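Visitor: Could you build the full structure based on these sequences and the hints that come with them?
Chain by chain, the residues run as shown.
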Amino acid sequence: MPLPEDGERAWWKCFHRVPDVETIMFQRYLFHNYRVFAALKYWLKRRITPAGWLVLGATLAAAALGVDTNSSLAYQTFTFLFCLVMVSAILACWSGTSKIVAERILPRFGSAQERLFYSFVFRNNSRHAQRSLHAYEELIDPRPTFTQFVETAEPGEERRNWLDRTYHYYRWNWLLAQNTRAEIEEQSLADLPPGLDQNVRAELLPLRRGVLRFAGVAIASPDPFGLFRSLRKIPAPQSVLILPKRYVIPPFELPGTMKYQQGGVSMASAIGESEEFVSLREYRPGDPLRRIHWKSFAKTGKPIVKEFQEEFFVRHALILDTFSAHAHSEVFEEAVSVAASLAFTIQNQDSLLDLMFVGPQAYCFTSGRGLGHTEQLLEILASVQICREKEFETLENLVLEHAPQISGCICVFLEWTERRKSFVQSLKSRGTPVMVFVVTETDAPVDPGPMAERPENFHVLPMEQVATKLAAL
Amino acid sequence: MKTPIGLLGAALLFWGWQCGLLIWAVPMAIVLEASRFLATRWEFSSGDLKRIWNLCAVLFFGTGIVLYSSEETVRVPLKFTQWIPFPFFPMMLAQAYGNWEKIPLSVFSWFLRRNPETPIAKKTLNVSYLYFALCLLAASATKLTTPLFYPGVVLLIVLALVANRPARLSVSLWVGLITIVAVSGHFGHQQLHMLHGNLEGALARWFVGLFSRQMNMDESQTAIGRVGRISLSGRIVLRLEPEPGGSPPALLRDGSYDVFYRNTTWRNSQNEFATVFVDTNDVATLQEPKALNFSVGIASYLSGGRGELSLPHGSYELHLNFPVVLETNRMGIARIQEGPGLLDMVAYYGPGKSRDAPGSTMDLEIPKQEKATILQIARELNLGEEASERKKLEKIANFFRDHFSYSMEITRKHIDSSGQRTPLGQFLTVARSGHCEYFATATVLLLRQAGIPARYATGYLVDESERRGKTYFVRERDAHAWAMVFRKEKGIWEEFDTTPASAEREVNLAPSSWERISDFFANLKFQFAKWRWSKTSYSRYLSWLLVPLVLFLVWRILAKRTRQRLGSLTDSTGVEPVWPGSDSEFYQFDQKMTALGLGRLPNEPTRYWQQRLEFEVDDPARLAQIFEVHHRLRFDPIGVTEKDRHQLRSSVEYCLRQFEAHPAIKSV
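Protein sequence lines correspond, in order, to chains A and B.
Those letters in the first sequence? Residues 1 to 473, per this note's numbering, in order.
Those letters in the second sequence? Residues 474 to 1141, per this note's numbering, in order.
It is worth saying that the hints were derived from the structure and are not from the lab.
Be aware that one or more of the hints could be misleading.
[To be verified] In silico lysine-lysine, PhoX-like type, Cα no more than 20 Å apart, as pairs: (1) B/Lys864 - B/Lys961; (2) A/Lys41 - B/Lys595; (3) B/Lys595 - A/Lys45.
A quick note: this is a predicted structure, and the numbers were derived from the prediction, not measured.
Guide: Written as structure tokens, this is what we have:
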């Protein structure tokens, strides 16, 4: 189905089929089944060791071979393996790790796709040494909600066959993968002597930006034959913010010149009076009361105000397009990474940067020259989501409202539609220099439209080549 | 996770001992265990591993096909399991002698190769423990009852578990626990064996009780008294091929019965079977050869290798396609107890004596319920007054021919509503129409009333219109029943069929349009089964067919390496390079520079060396070219062009000349 243009969104919604009761019931049935099987798979995966799987498989195979006890001796192998499995399973119910406590020490931030190192402190409060233990991180349940399952289609789902589209099995797997926010290996623990602390260095690979929430730590102890594990969960709820993935961008020339900034340095500085006094003049309507020079007012009987040196410096707008027809889009994730990389680079220069995007409402965050820090922008970008409720016009209004103060505009778009082209044209007509980045799925050629005059300020970033294209700026 | 030393070898030897394959198991164990003492390893790429896995798959399916074609079907699963360590041995060897500690899962699955980004595709598998488990399962698939089997299995599994023992448990406690498991397993398998025996007996009794009537081979349940249309399929059950110029026998008998009871059922008063000797040429002699004889090829499927034979009356010798256990009873019926899935035989037959036991008093018994009607008809025909057997037979035959008609449809008129007459009585007196079972039963009873011993026979009628080339098809709808009459004066049994021919029967037996299609597939299946159960030892040839395929796969694994070696041997320098780029002119440059005192320092990266040398040379670009081309020659999988190589040579010569001519260096 072709994606609707921004203006067509409302029209398109009218034709969107409302699912009937039977469909919802069927989807709910599927959802519960997938939930139960995902939970079962997770439970088994952590409790049965590879050796356990092999023994279980061999037990089943021996059972199948030994059905007729007169024709083979496989039933003897089966009974031994079966007894082994039963004894292991019974002994695995006892863990003996109830007196172990764990504390996690996390950094404030991590970055997507970059290994995050942190540490644990385990303390064995029992009277015996604990050996052969493993620790598992317990992240919050990654299973999708029913709303997510029903409304969020897997990219390319329309190309799947009827059966896959009806049963949503691939959609479920994809959503599960999307909700899994980090790859964490099980941690093998050294022997824990009684009454002592042990520091353990751990690492994880954050897969996506956003808040990575931990629910607790599970201590696994194997049974005597190493087939099954008993798990004891220690609650340790914590979270770490994962910043967007960033690319290396060499210093590059931004469009635009210095502009007068209302409020001057006082606006750009967080603390203190650093403005420079120039002269006194008569009051003009609109002057703030705090600038009235009361002594002169008393002398002259007319309101006199203080006049300061006007501040001119560069102020750029980083505009992030958040309008996508899909609830999830890899193009959007790349666009956020591009925006984060630009924000990170621009902050190295002596300028102000306004990050503008539309979420549940229109946002404008300013940083630079003491107003804010790069980390704060990256924190905001770590949490930015796709906007499906509002129209592109909201972003357009926000930007045009700030246009008089902006020296130059850097736009990161998800697509290069007529609507976006006209927006860029309107910015240009107001004399605002514009630099455009368009993140695309493929490397198909794109018509620059209003950017044809300044091709050096128009960059198409196919998803596979974002890193190389940005490095070549 | 490597297996303990000797574990795989011990498992292979245990398997070889249990399965009688020790001659194979010993070298396999030696080769596998020797890998621990040899430092040499093969460098397999993932593509090589994939091809080795393909080889395993070919061997796996090839083993299955060879076993299916040479073994009895029921024994194939167990035999196949016994052989399972053979096909997977190449993969085990690849891990033991290869450079891969673990094999990537993508090697085993086409789907994972197509989706290399899936998490499972990135996982690896240590095949040695899996192979160990396969060896144990293969050893378990034997019938060789020995007291050492269970201890052997326990010992091997314990050895494997020891390597995996968690340190949190003391050794004594661990040994105690595994002893409990082993003892429980020992008693468990004894109890399981007993339980199986008891359960099997109980099930057999229940099953026989439930289906005794239908399953009893002593009986023939007729459709006499059953209202409705008799409908039989066109499925081909027999294929006859008479001798050239000859014609097939009209009737093929597979059952004979002497007692009629409950108005519907024929059974045998005695049904003991005796084994018939089958010689080494698979020829079974049923009685003495006859002077006048005919032969006919008969092919029929035997379900599970067992079943009754449909033979022409007077058969005296059978030439079989497969070694069988053949039995006959006193009614002249032959059956196979152990045989092939398709029996293709040549039956020799002729007039005269047959294997049927002479007529006895049982062959003159008439059930009480039918007595009155039979007596009435016999009186109508004056059978009692006729002295000649032949005349009596004629009268009975004429009676049915003249006053009866053939009908496949049994209606209400065949049933006496008052309940006074039996269905057969109703047939003889009122309905006067019916199918072959009515005629055969009535004929037998009338003959007995006339004092002639008679039996009820079942089998097939051979239809002349069903000829296809040399072969006559006998279909399920050709099932027939007739009477066997004992000619006292000759002392022989003869077939006596009184069922009249009728247009209705012809119409009913007309083939449907789908029959040609089903015949086509039935013939395909028959040809395969004929080949499958033929006397030739084709399974041996089938195994040979696998040889070129296996050789091809081995060639594919090794060809790339061989090609690389051949390519390097033809190099102009004549020196066999050990690795790509080892014949580079860069090394000459290195040696010369070392001799000039400008050599590369220990652990100095080439780039740093290059930067150091750039100060000493007039044309740094030529120097940079040496390093750049050499780097590509050494590490770029695409390699360099001949032009690049030429430039490398000329640059080395140029730079060396420059260095040698350098006044500062000259002085050194």
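Visitor: Determine for every hint whether it applies to the structure shown.
Guide: Verification of the supplied hints:
no.	hint	in the structure
1	B/Lys864 - B/Lys961	holds, 14 Å
2	A/Lys41 - B/Lys595	holds, 19 Å
3	B/Lys595 - A/Lys45	holds, 17 Å
Of the numbered hints listed earlier, not one is contradicted by the structure.
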